[in-house]
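**Q** Residue numbers in the sequence shown follow our numbering, run continuously in steps of one, and reach 308 at the last position.
Hints are computed from structural coordinates only; laboratory data are not their basis. For glycine and all other residues, C-beta sits at the position ideal for the given N, C-alpha and C. Any given hint could be a false lead.
[Unchecked claim] Distance condition first, Cα-Cα at most 20 Å in a straight line; then the derived PhoX-like pairs of lysine-lysine: (1) K139 with K154; (2) K240 with K263; (3) K244 with K172; (4) K244 with K255; (5) K275 with K255; (6) K282 with K263; (7) K259 with K240; (8) K226 with K139.
[What the hints assert, rightly or not] Pair by pair, the computed Cβ-Cβ distance ranges are: (9) V64 with R260: 39 to 49 Å; (10) V247 with N11: 38 to 48 Å; (11) W300 with I17: 44 to 54 Å; (12) N83 with Y301: 43 to 53 Å; (13) V247 with K308: 21 to 31 Å; (14) E168 with D288: 29 to 39 Å; (15) I277 with E85: 48 to 58 Å; (16) E224 with H129: 36 to 46 Å.
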Amino acid sequence: MKISIVMSTYNGEKFVIEQLDSLRNQTVSANEVIIADDCSTDNTVSLISNYIAKYKLTNWSVLVNQENLGWRKNFMEALWKSNGEIVFTCDQDDIWRQDKLEIMTNLMNEHKEISLLTSNYKEFYDDGHTTIGPWKNDKKFKQITLNNNYFLVKSPGCTHCVRRDLVELSKKYWEPEYPHDALLWRLAIFSNGLYSYTDTLINWRKHTTSAFAKESFNLKTISEKKKWIKISQNFQNTLKTFIKNDVSSDVNHQKSVLKRNDKWLSTRYDFYDYKSILTGIKLSFYWDCFPRYRQYLGDWYLIFIKRK
């Protein structure tokens with residue numbers, strides 16, 4: 001089974017060598033490593049190029065964009081350039097456990113029903129504290145089933161291993177506002193192909209300055225919440241097309257989940273638009289659709305206390 005690793009980089013000189021070391025020292029080697037740099041202004045590209053030359057990594061390549069694409073498009077285009085039967089997505093500053101490729105590749109070989117396989121992670125911060133998630137670390141293989149709060153992507157892209165056919169399908173369904181991990185996760189869960197191995201196969205470095213962290217912070221305004229809802233409604237339409245055209249099994253459950261989320265998103269948008277207490281109460285009937293329950297209370301806070 002041919003293995004690809006796809007990494008996206010941007011101004012990652014501080015930690016990228018640690019990540020490269022953890023890829024090079026895997027117990028099972030990747031057949032292909034593609035590193036897509038999105039116009040870094042620091043020494044990231046030269047560090048990677050020198051690293052590849054130093055260790056004679058002939059199956060590794062660093063590709064530098066002619067213009068800045070943004071992290072979403074950069075990751076997707078790099079994924080589409082890969083040719084492995086399975087593809088691991090990789091950030092620039094994490095540390096992979098030495099047997100990550102071996103464990104996940106074996107599971108992908110043994111279980112052809114997997115479209116996307118994820119794992120647990122250990123978050124680690126600059127102050128030294130760590131957190132294991134998102135599941136109990138009991139080293140079990142399990143299917144992740146579709147629930148009403150499917151907008152919650154429980155495992156980040158840096159834990160994902162994706163089968164080739166799902167990568168190819170993503171070409172049909174990606175939109176510029178869709179993160180790669182959210183798209184792949186949702187396509188997999190809506191086609192009954194999402195699985196996890198609950199062991200910490202990666203140390204996931206957390207920053208408050210990352211592009212994703214900045215976007216998450218910006219979501220704490222009414223205008224950004226409304227924008228998120230519109231994107232999510234578009235995602236709903238994408239998934240409706242997906243289950244109609246590319247899922248051969250029974251899709252009644254998927255349709256039911258999408259129908260309920262249509263109502264949730266519409267009611268939530270109305271709550272932000274009209275600031276009606278009655279609409280806010282109605283929104284509580286869709287409590288099970290919120291990625292995190294506290295977000296329902298957060299809506300009230302933004303509308304009636306923060307008011308911006």
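**Q** Each hint needs a verdict: does it hold in this structure or not?
**A** Results of checking the hints against the structure:
For the proposed pair K139 and K154, the alpha carbon gap of about 17 Å is at most 20 Å, so the pair holds. Between K240 and K263, the direct Cα distance comes to roughly 15 Å. Compliance with the 20 Å bound is thereby established for this hinted pair. Pair hint K244 plus K172 holds up; C-alpha atoms about 13 Å apart against a cutoff of 20 Å. Of the pairs offered as hints, the one joining K244 and K255 holds, with about 10 Å between alpha carbons and a cut-off of 20 Å not exceeded.
A C-alpha spacing of about 29 Å is found between K275 and K255, which places the hinted pair above 20 Å, so the restraint is violated. Restraint check for K282 and K263: satisfied, since their Cα atoms lie roughly 11 Å apart, inside the 20 Å limit. Taken as a hint, the K259 and K240 pair is honoured in the structure, with Cα atoms around 10 Å apart against an allowance of 20 Å. Restraint check: the Cα-Cα separation between K226 and K139 comes to about 39 Å, which exceeds 20 Å; the hinted pair is violated.
Hint check: V64 to R260, Cβ distance near 44 Å, so the stated range 39 to 49 Å holds. Judged by the Cβ atoms, the range 38 to 48 Å given for V247 and N11 holds: they are separated by roughly 39 Å. A hinted range of 44 to 54 Å for the beta carbons of W300 and I17 is consistent with their spacing of about 46 Å. Here the CB-CB span from N83 to Y301 is close to 48 Å, well matched to the stated 43 to 53 Å.
Range check, V247 to K308: about 41 Å between beta-carbon atoms, so the 21 to 31 Å window is missed. Take E168 and D288: their Cβ atoms lie about 33 Å apart, and the range 29 to 39 Å holds. Taking the beta carbon of each, I277 and E85 are about 54 Å apart, inside 48 to 58 Å as hinted. Separation of E224 from H129 is about 29 Å and departs from the stated range, judged on CB atoms against 36 to 46 Å.
Consistency note: the structure conflicts with the earlier hints numbered 5, 8, 13 and 16.
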